[in-house]
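**Student:** Sequence:
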Amino acid sequence: MRRRRDTMQTRRRAESKNVSMMQRRRRAERKMRNACTRR
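Numbering-wise (full-length UniProt numbering), the sequence shown opens with residue 1 and increments by one.
Note that these hints are calculated values from the structure, not bench results. Treat each hint with caution, since some may be false.
[Stated by the list, open to error] Ranges of calculated distance between the beta carbons of each label pair, as one might list FRET restraints:
hint, residue 1, residue 2, range
1, Arg30, Thr7, 31 to 37 Å
2, Arg4, Cys36, 46 to 52 Å
3, Thr10, Ala35, 35 to 41 Å
Idealized CB from N, CA, C, for every residue including glycine.
Let's have the full structure, built from the sequences with the hints guiding it.
**Tutor:** Structure, rendered in structure tokens:
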């Protein structure tokens, strides 16, 4: 049980990290698109 719980926690942390990375990428893409459309 203890091991399973630990693996779940580590997996959740990895998922949250990936989500934050994806959000940053999306924001960067939006900024780039906005700059292109403004011209």
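**Student:** Could you run down the list of hints and mark each one as holding or not?
**Tutor:** Consistency of the hints with the structure:
1. Arg30 with Thr7: 31 to 37 Å: holds (35 Å)
2. Arg4 with Cys36: 46 to 52 Å: holds (48 Å)
3. Thr10 with Ala35: 35 to 41 Å: holds (38 Å)
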